[in-house]
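Residue numbers (the working numbering), protein chains in the order written: chain W, 1 to 379; chain Z, 1 to 360.
The hints are simulated quantities; they were obtained by calculation from the structure and are not laboratory data.
Glycine included, each C-beta is placed from N, C-alpha and C at the ideal position.
Just to be clear, a hint being listed does not mean it is correct.
[Stated by the list, open to error] Covered stretches of chain Z, as calculated for chain W (at least 3 residues, CB under 8 Å):
no.: 1; stretch: 65 to 77
no.: 2; stretch: 297 to 303
no.: 3; stretch: 324 to 334
[To be verified] Listed next, with one range per pair, are the computed distances between beta-carbon atoms:
no.: 4; chain 1: Z; residue 1: Glu105; chain 2: W; residue 2: Gln346; range: 34 to 40 Å
no.: 5; chain 1: W; residue 1: Asp327; chain 2: Z; residue 2: Arg353; range: 57 to 63 Å
no.: 6; chain 1: Z; residue 1: Ile290; chain 2: W; residue 2: Asn342; range: 46 to 52 Å
no.: 7; chain 1: Z; residue 1: Asp200; chain 2: W; residue 2: Ala329; range: 56 to 62 Å
no.: 8; chain 1: W; residue 1: Ala329; chain 2: Z; residue 2: Gly136; range: 55 to 61 Å
no.: 9; chain 1: W; residue 1: Thr160; chain 2: Z; residue 2: Asp83; range: 49 to 55 Å
no.: 10; chain 1: W; residue 1: Ala249; chain 2: Z; residue 2: Glu352; range: 32 to 38 Å
[As the list claims (entries may be wrong)] Calculated pairs, DSS-like style, for lysine-lysine (alpha carbon to alpha carbon, straight line, at most 25 Å):
no.: 11; chain 1: W; residue 1: Lys254; chain 2: Z; residue 2: Lys81
no.: 12; chain 1: Z; residue 1: Lys240; chain 2: Z; residue 2: Lys145
no.: 13; chain 1: Z; residue 1: Lys199; chain 2: Z; residue 2: Lys240
no.: 14; chain 1: Z; residue 1: Lys113; chain 2: W; residue 2: Lys242
no.: 15; chain 1: W; residue 1: Lys242; chain 2: Z; residue 2: Lys81
no.: 16; chain 1: Z; residue 1: Lys145; chain 2: Z; residue 2: Lys97
no.: 17; chain 1: Z; residue 1: Lys145; chain 2: Z; residue 2: Lys244
no.: 18; chain 1: W; residue 1: Lys101; chain 2: Z; residue 2: Lys351
no.: 19; chain 1: W; residue 1: Lys101; chain 2: W; residue 2: Lys84
no.: 20; chain 1: Z; residue 1: Lys198; chain 2: Z; residue 2: Lys244
no.: 21; chain 1: W; residue 1: Lys339; chain 2: W; residue 2: Lys309
no.: 22; chain 1: Z; residue 1: Lys56; chain 2: W; residue 2: Lys339
no.: 23; chain 1: Z; residue 1: Lys203; chain 2: Z; residue 2: Lys240
no.: 24; chain 1: Z; residue 1: Lys339; chain 2: Z; residue 2: Lys220
no.: 25; chain 1: Z; residue 1: Lys81; chain 2: Z; residue 2: Lys113
What follows is the residue order along each chain.
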Amino acid sequence: MKKLLIAACALLAAGAVAAQTPLGLPGVPVPADNPQTPQKIALGSLLFHDVRFSATGDVACATCHAAEKVFTDSPLSVSEGINKLTGTRNAPTVVNAAYNKTQFWDGRSPSLEDQALHPFLNPVEMALPDHGPILEIIRGDDNYVAMFRDAFGIRAANITMDEVTKAIAAFERTQVSGNSPFDRWYFGRESDAISEPARRGFAVFLGNGRCVSCHAIEQDHALFTDHLFHNIGVGINDIQDKVPQLAHAFQVAKNQGMDVDVAVLSDADTSHLGRFAVDDQLSSIGGFKTPTLRNIAVTAPYMHDGSMKTLREVVEHYNNGGVTPADGAVNAFLSGGIKPLNLSEQEIDDLVAFMESLTSPQFEQTSGDSVAATSGTGE
Amino acid sequence: MSNKTLNGRRDFLKATTSGVIAGMLPVSLVRLAGATESDPEFTFAYISDSHIQHIKGAEFVRNWDRGLIRAVAEANLLEPKPDFVVFGGDLAQLGTKAELDHGAEILSGLNYKMRVVMGEHDYYLDLGEYWSDLYGEHYYSWDHKGVHFITLNSIITYDDWTFDRWESPERRMNEMAGLDNPNGSPFMVGRKQMKWLKKDLSKVSRDTPVVVFSHSPLQKIYKGWNFWTEEADDVQALLKRFDKVNVIYGHVHQIQYNQIDTIAFTSVMSTAWPWPYPESYAQAESHLPILTVPMNRADPFNERDATGWQFMNMHTGRVDLEFNLYNNNNRTVAFNHEKGHPEDTMFSNPKERTPTQSHF
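The shape of chain W in the complex, shown without the other chains (with noise of 0.2 Å):
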C-alpha cells in the first residue's frame, strides 16, 4: 500500500513536469542528463528573474524575456542591457526555444544549457567579469542553497554553473505553446478554427509565398523553421560594400582569439555578418537561423536586427526578392531560394492573416503593455 502511494505521488510529480504536448507540437526534447523536474525547473525560474546576477544588479534573464512580452523585449528593436547599454540583436522569445537545434540568431549556442553562460558575461547584457559573482550569491542565499540541495542534491560549496544552466534550461523546457488557431484548424480539424483569410493566407504560404521551404510545418507538427541559416536580404544590405574588409577584419581578431559573442552583440556591421562569425563558411555570410513563426503577432519587432516593425514589411521584403525598398540592391550573398515572388495585395494581407493565427491563446490578449502572463513559471 505505501509503495503504491510512493508510486501515485510520483506519477503525479511527473505529471506536473511533463504537462501534456500542446497541439501542433512534437514533444519537448529533454537531454539526458538534464530531465525536467518539479524542484528543477521552481529554481530555474528564480534565477531567470534574478537581477542580482549583473553587474548593475537590476538586468536578469527575464529583462530581455520577459513572460508578460512572451519572453521577449517587444517592442525595442535590440536588447538593452546594463546602463541601458544596446547590443545589436532583437532578442528571440524563449516560448519554444526548447525546439530550436541551435541558439542564438546566429546558431552559436548548442543548447539551452549553454546559451545561458552566456548573456551573464557579455558586456551589453549582464556584464560580469565572470561567473564566479553568480556562485557567491547564490551560496549566500539560504533558500536558494535549499533549493539547489533539493535539486540537485548537493551542497552550497559544491554548486557550479553547470547546476545553474541546467536548472535555467529546465525553466525554459517548460515554455512551450501550441494550441493555436491554426492548430485547431490545421491539426485539429476544426474547420471554424481560422478565418477565411487566414486560410487563404496558408495556401500562400505553401504556394506562392514559398514560406514553408524554410518555415517548415510536417504531418502532425509544426516548428516553423528548417533549423537552418539563410542570407534572406536584412542587415547584411547595408553593409554591402563593406563586407571584404568586415569579414577580413573579423577573421584576423577570431584567429587571435576575439569573443564571437562579444565582437557580434558589440558591433553592428559585424552582427551582420550573422551565421559567418560562427562557422566560418563563406556559403555562411549574413546568414541568420530560421526562427519559429509561432506567436509572431505579439512579438515584433522582426529580424535579427528588430528593423522591421510590421509583419506586413517582412512579406514585403520578401515579396520584393530580399529587399527593401523594392528598388533597393540585391546582396551577393543572397540565398538561393529568396526571389521576387510576385504576391498580390491580396496574397499579402492574407498571408499576415495567417500569421496572426498563429498565436497561442495565453498569448492572444498581449499587446504593448497589457499582457496576461499566463503562461507563468509553467510549475
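With chain W held as given, fit chain Z onto it using these hints.
Leaving out everything else, chain Z in the frame of chain W:
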C-alpha cells in the same frame, strides 16, 4: 549539427596547419606550410558552368545569375588571396553575345587574374568567335611557379557534324545542348589541337607538375551526356609520361574524381544546377570512376543545393580541391600521396557517409 560542422572546421584547420591543404576559411589566414623554392605552394579558385541564360531584353534567368554573382563575391573573400581564378566553361547557355556579355560582366567583379576555358554552350553558336573577342585563344598554356598549366578546348567535334549538318547556327547550338540526343556528337580535342598539345608538352620536363584544364572529362564516363572525350586515350597517353599530372574539368555539374596512371582527375561543380549521376539512367552503360564517392541526391526544394565552386591548393605537384557547397557540408578531395590517388578526406570511409534520404 552545427557542432559537427565546427569540429570539421577545426579538423580541417589542423590539417591545414600541418601543411596538407591551405585554404578554406577566409580563415585561411593560415600560413602555407611546406612551400619551398623547389616545391612552391599556391592557391587558385575555380568557378564553372554558370549557364547564364537570356530570356529577353535585359532579362536573364535569375537563379543562374545569382549563382555566379555569389561565387564571385565569395571568391573575392578568400584568404590567402588565390594567385588566379579559372572559369571552367559554359559561361553562357546558348552562346549568344547577350549571354556572354552578361556573364563576362559578372566575372569582371573578380579581383584576380582570370583564365577561361571554352564550354560547348559558349561555342556552338558561332564556333567561339565572340568568346574569342572576350577571352582570346581557345587553347593555350602558361607556366606559373614551376607548374605547367594547359587549357584545352575539349568540346569540338567531327567537322561534318559542325559544318555540314545544320540549317542554322542556332539549331547546331540546340542540338549540342541536348542530353541523350541521337543527333548529338561526342566531344573531341581534334587533330590540330592534339598536335599542338604534343608540341607544347615536348618543351616540358618529365618532373614538372602539369595541370590541365578542360571542359569535358578527358576520360570516358558516359557518352549520352558527353561526360566523355572521344580521344581520351590519346590525350592520356601524352600526359602520363609526366610524373604528376592533374586534370580539372567542368561540364558534369557534380563531384567526380579518378586516377589513371600518373593522372589525377577531379571535376568541379556548377554554379547553376546539379546533374544526377549517370548511373541513374539505367538503360545505358556508364562508368563513374569507382574511386568517386558520389554526392547525395540534391534536394529539389533547395535552389542552391549541389551547386557550388571551389578553391584549390597546389603543392608537391598535386592539386587539392575544397568544394564550397551551399546548405551542405563542404567537401575536400585531396591527393593522398600514400595511396597515389585523390580521395575525399571525409567520406572515403563508408562509415562517415551521410545515409541517402529515404523520407521526403
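Now for the hints, and whether the structure bears them out:
1. Residues of the stretch 65 to 77 of chain Z lying with their CB closer than 8 Å to a CB of chain W number 9, which satisfies the three-residue condition for coverage.
2. Counting residues of the stretch 297 to 303 of chain Z whose beta carbon lies closer than 8 Å to any beta carbon of chain W gives 3, which meets the minimum of three for the stated coverage.
3. A stretch counts as covered by a chain when three or more of its residues have a beta carbon under 8 Å from one of that chain; for the stretch 324 to 334 of chain Z and chain W the count is 5, and the coverage holds.
4. The beta-carbon spacing between glutamate 105/Z and glutamine 346/W, approximately 38 Å, falls within the hinted interval of 34 to 40 Å.
5. For aspartate 327/W and arginine 353/Z, the hinted distance range of 57 to 63 Å is not satisfied, since their beta carbons lie about 46 Å from each other.
6. The beta-carbon spacing between isoleucine 290/Z and asparagine 342/W, approximately 47 Å, falls within the hinted interval of 46 to 52 Å.
7. The hinted window of 56 to 62 Å between aspartate 200/Z and alanine 329/W is violated, with their beta carbons roughly 44 Å apart.
8. For alanine 329/W paired with glycine 136/Z, a C-beta distance near 32 Å fails the hint of 55 to 61 Å.
9. At roughly 51 Å, the beta-carbon separation of threonine 160/W and aspartate 83/Z lies within the given 49 to 55 Å, and the hint holds.
10. At about 35 Å, the CB distance of alanine 249/W to glutamate 352/Z agrees with the hint of 32 to 38 Å.
11. As the CA atoms of lysine 254/W and lysine 81/Z are separated by approximately 18 Å, the hinted pair is consistent with the 25 Å bound.
12. In summary, the hint linking lysine 240/Z to lysine 145/Z is supported, as the alpha carbons are separated by about 21 Å, within the 25 Å threshold.
13. Under the criterion of a C-alpha separation no larger than 25 Å, the hint pairing lysine 199/Z with lysine 240/Z is consistent with the structure, at around 15 Å.
14. This hinted pair checks out: lysine 113/Z and lysine 242/W have alpha carbons roughly 22 Å apart, not beyond 25 Å.
15. The straight-line distance between the Cα atoms of lysine 242/W and lysine 81/Z is roughly 17 Å, inside the 25 Å bound, and the hint therefore holds.
16. A C-alpha spacing of about 35 Å is found between lysine 145/Z and lysine 97/Z, which places the hinted pair above 25 Å, so the restraint is violated.
17. Between lysine 145/Z and lysine 244/Z, the direct Cα distance comes to roughly 15 Å. Compliance with the 25 Å bound is thereby established for this hinted pair.
18. Annotation: proposed proximity of lysine 101/W to lysine 351/Z holds, straight-line Cα distance about 24 Å (limit 25 Å).
19. Our distance criterion of 25 Å between C-alpha atoms is broken by lysine 101/W and lysine 84/W, whose separation comes to about 30 Å.
20. Straight-line distance between C-alpha atoms of lysine 198/Z and lysine 244/Z comes to about 17 Å, which keeps the hinted pair within the 25 Å bound.
21. Of the supplied pair hints, the one linking lysine 339/W and lysine 309/W holds, its CA atoms being roughly 22 Å apart against a limit of 25 Å.
22. Taking the CA atoms of lysine 56/Z and lysine 339/W, the gap is near 19 Å; set against the 25 Å cutoff, the hint holds.
23. For the hint linking lysine 203/Z to lysine 240/Z, the alpha-carbon distance of about 15 Å falls within 25 Å, and the restraint holds.
24. With a C-alpha separation of about 23 Å, the suggested pair lysine 339/Z and lysine 220/Z falls inside the 25 Å cut-off, and the hint holds.
25. Simply put, lysine 81/Z and lysine 113/Z have alpha-carbon atoms about 11 Å apart, close enough for the 25 Å limit, and the pair holds.
Taken one by one, the earlier hints fail for this structure at numbers 5, 7, 8, 16 and 19, listed in ascending order.
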